[in-house]
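Colleague: Assemble chain B onto chain A, guided by the hints.
Taken in order, these protein sequences are the chains called A and B.
Per UniProt numbering, residue 1 is the first one in the first sequence, and the count goes up by one each step.
Per UniProt numbering, residue 1 is the first one in the second sequence, and the count goes up by one each step.
A few of these clues could be false.
Said to hold, decoys possible - A few chain A residues facing chain B, derived, Cβ under 7 Å:
#  : residue
1  : Ser51
2  : Asp52
3  : Gln71
4  : Pro90
5  : Ala93
6  : Arg100
7  : Pro112
8  : Leu116
9  : Gln120
10 : Thr151
11 : Asn155
12 : Phe184
Treat the hints as calculated values from the structure; they're not laboratory data.
Glycine included, C-beta positions come from ideal geometry on N, C-alpha and C.
Number of protein chains: 2
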Amino acid sequence: MNAGSIRLYSYWRSSAAYRVRIALNLKGLPHEIVPVHLARDGGEQHKPPFSDLNPQELVPVLLHGNRILRQSMAIMEYLDETWPTPPLMPATARDRQRVRALAQVIACDVHPLNNLRVLQFFENTWNVPQAEREAWVRHWIQVGFEALETTLCDNPSTGAFCDGEVPSMADCCLVPQVYNAGRFGVDMAPYRTIRRINEACLALEAFDAARPENQPDAPAGS
Amino acid sequence: MNAGSIRLYSYWRSSAAYRVRIALNLKGLPHEIVPVHLARDGGEQHKPPFSDLNPQELVPVLLHGNRILRQSMAIMEYLDETWPTPPLMPATARDRQRVRALAQVIACDVHPLNNLRVLQFFENTWNVPQAEREAWVRHWIQVGFEALETTLCDNPSTGAFCDGEVPSMADCCLVPQVYNAGRFGVDMAPYRTIRRINEACLALEAFDAARPENQPDAPAGS
Numbered sequence: 001m002n003a004g005s006i007r008l009y010s011y012w013r014s015s016a017a018y019r020v021r022i023a024l025n026l027k028g029l030p031h032e033i034v035p036v037h038l039a040r041d042g043g044e045q046h047k048p049p050f051s052d053l054n055p056q057e058l059v060p061v062l063l064h065g066n067r068i069l070r071q072s073m074a075i076m077e078y079l080d081e082t083w084p085t086p087p088l089m090p091a092t093a094r095d096r097q098r099v100r101a102l103a104q105v106i107a108c109d110v111h112p113l114n115n116l117r118v119l120q121f122f123e124n125t126w127n128v129p130q131a132e133r134e135a136w137v138r139h140w141i142q143v144g145f146e147a148l149e150t151t152l153c154d155n156p157s158t159g160a161f162c163d164g165e166v167p168s169m170a171d172c173c174l175v176p177q178v179y180n181a182g183r184f185g186v187d188m189a190p191y192r193t194i195r196r197i198n199e200a201c202l203a204l205e206a207f208d209a210a211r212p213e214n215q216p217d218a219p220a221g222s
Numbered sequence: 001m002n003a004g005s006i007r008l009y010s011y012w013r014s015s016a017a018y019r020v021r022i023a024l025n026l027k028g029l030p031h032e033i034v035p036v037h038l039a040r041d042g043g044e045q046h047k048p049p050f051s052d053l054n055p056q057e058l059v060p061v062l063l064h065g066n067r068i069l070r071q072s073m074a075i076m077e078y079l080d081e082t083w084p085t086p087p088l089m090p091a092t093a094r095d096r097q098r099v100r101a102l103a104q105v106i107a108c109d110v111h112p113l114n115n116l117r118v119l120q121f122f123e124n125t126w127n128v129p130q131a132e133r134e135a136w137v138r139h140w141i142q143v144g145f146e147a148l149e150t151t152l153c154d155n156p157s158t159g160a161f162c163d164g165e166v167p168s169m170a171d172c173c174l175v176p177q178v179y180n181a182g183r184f185g186v187d188m189a190p191y192r193t194i195r196r197i198n199e200a201c202l203a204l205e206a207f208d209a210a211r212p213e214n215q216p217d218a219p220a221g222s
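With the rest of the complex left out, here is chain A:
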């Protein structure tokens, strides 16, 4: 691996990996995608070589040369600091706070409640039926999206995207969460601003190329 080369350990349907794929595309950074299959054989994330890269056994991991970078939001901030143009973060402390807070509504308070390991715990340890597991997922997406919709539509900083007229880290988090909402049948009708921003994002090549169905490890017909 070259000193400056970028390798992203990803899974096509992981929404945390999807965020970083978007960020890499927005920056125009050449990179290699290394698929980690989260379901096959009990999950490749739980075995070497991947588990040596991340003791949390979660994707994504990004290698930049020999640097091992974990946690999707921390990776995106690193990409933005290392390659500042085009920016993923706004210019002022106030606006950066807002973008980080919007991203964290999703990346702290929605997604971790609904990811694979949590749903596996419910299925295997508590024997929660599938219908209730899916209702749980929808519940937390709806709670998060209601707050996010209010926050976005009340604020003059919201533009074509979450913050103004260029995509930011907040949009990198929003679009994968809307994808998840679709998988679980969340009614998106109440979230007009979220839908509008999601559509504006997906019209961009950087977002489109990062979609789950456009990944090398996506099953045929997905």
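Modeller: Only chain B this time, still in chain A's reference frame:
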């Protein structure tokens, strides 16, 4: 309220509010604590005036003059950008990435699974018995701490604190999570590095003053 004054909406036992209390103390910033009682009358966070400040109905919220700031990690980064000395974040992009990633192991992948609204959902919607709810809390703390312990003890950047010899945003997240672990009876014996860092932090006045039991809204004898 003066233009530059700081007001923190907090609850003594909220670990997300505890993080920001530490950060404010480390920066030496004068501030007013406004208690929001998360249990009384169904939770003051669900009613105006607090719910007008945060549609997520979660603490903490920080007011800086008339700016409304939400999400504990985003608030801490704002404090650090606005008052850079002493720093909460290291000097290089690589080290900042590491500190953010350590913070996010806790603030994304442990704490949101265990906070009040999730435990209330289990109790009220799924009728999960208390013993199982508490086992759930311990499970995710243990999963997170195992990964964190490995990450910390394997890395030469770890010093007296999570990153080197001064407290950072990662320590502001770690100490409240160790407090939570104590509340729920997690056996801390396996986490030698976490215990050592937690003790180093709590020896500092900034951390000590932020402890739940030292808050104005802590019940007598807590």
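Colleague: Now look at each hint and say whether the structure bears it out.
Modeller: Outcome of the hint check:
Interface restraint check: A:Ser51 against chain B, minimum CB-CB distance 10 Å, threshold 7 Å, status violated. Taking 7 Å as the C-beta contact cut-off toward chain B, the hint placing A:Asp52 at the interface is violated, the least distance being around 10 Å. A least Cβ separation of about 4 Å between A:Gln71 and chain B falls short of the 7 Å threshold, and the interface hint therefore holds. Checking A:Pro90 against chain B by beta carbon gives a least distance of about 12 Å; that is not within 7 Å, so the hint is violated.
For A:Ala93, the suggested interface contact is upheld, since its CB lies about 4 Å from the closest CB of chain B, less than 7 Å. Look at A:Arg100: its Cβ gets to within about 4 Å of chain B, closer than 7 Å, so that hint holds up. Checking A:Pro112 against chain B by beta carbon gives a least distance of about 5 Å; that is within 7 Å, so the hint holds. For A:Leu116, the interface hint is violated, since its Cβ never comes within 7 Å of a Cβ in chain B; the closest pair sits about 12 Å apart.
Here the hint on A:Gln120 is broken, as its CB sits about 12 Å from the closest CB of chain B, past 7 Å. Residue-level restraint check for A:Thr151 holds (minimum Cβ-Cβ distance to chain B is 6 Å; threshold 7 Å). Hint status for A:Asn155: violated, given a least beta-carbon distance of 10 Å to chain B, over 7 Å. The closest approach between the C-beta of A:Phe184 and any C-beta of chain B is roughly 16 Å, which is over the 7 Å cut-off, so the hint fails.
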